[in-house]
Structure formats: C-alpha cells, structure tokens
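**Q** Sequence:
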Amino acid sequence: FLQTGLCKSKGEARRLQAQGGVYVNDERIDNPDYNLGEADLQDGEILLRAGKKRYHRLILEN
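Numbering follows the numbering used here, in which position 16 of the sequence shown is assigned residue number 16; successive positions increment by one, without gaps.
Derived from the structure by calculation, the hints contain no laboratory data. Any given hint might turn out to be false.
[Said to hold, decoys possible] Pairs of lysine to aspartate or glutamate residues, derived as EDC-like cross-links and limited to a Cα-Cα distance of at most 16 Å, are as follows: (1) Lys53 - Asp26; (2) Lys53 - Glu27; (3) Lys52 - Glu27; (4) Lys10 - Asp33.
Can you build the whole structure from these sequences, using the hints too?
**A** Printed below as a string of structure tokens:
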C-alpha cells in the first residue's frame, strides 16, 4: 500500500489494517503479514482498496 501511494506511511497502513479498511479484490484483509501473490491476480489485475473511496488497480503484464 505504501508503494502504490494509498498510504503515506507505515503507521497509516497499520492503522488502516487494524480498523478493517484494507481490501484486495474486494476482500477484507485482516492478516497484517499478508503478502500479494499469484492467487490474487484476476485477469492480470489486482484491485487494492484503502477505506471506502481510495482505489488502485495494479495491472501486471508479461
């Protein structure tokens, strides 16, 4: 979330996750040690959401 710009600091990312505001492909992520992987890819994309209104779509190409 830091690298995409959805969060400005590690502290903000931790708070957001602790409050249940971190989503990957519209699924809430409760595990603070969660890492993105190939299982998260949907048609070469991953949708990241921070809170209700901040979205980023990662498009991965070969």
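**Q** Take the hints in turn and mark each one as holding or not.
**A** Going down the list of hints, with the structure as the test:
1. At most 16 Å may separate the alpha-carbon atoms for a hinted pair to count; Lys53 and Asp26 meet this at roughly 12 Å.
2. Proximity of Lys53 to Glu27 is assessed by CA-CA distance (about 15 Å); at most 16 Å being required, the pair is judged to hold.
3. At roughly 13 Å between alpha-carbon atoms, Lys52 and Glu27 fall within 16 Å of each other, so this suggested pair holds.
4. Taken as a hint, the Lys10 and Asp33 pair is honoured in the structure, with Cα atoms around 13 Å apart against an allowance of 16 Å.
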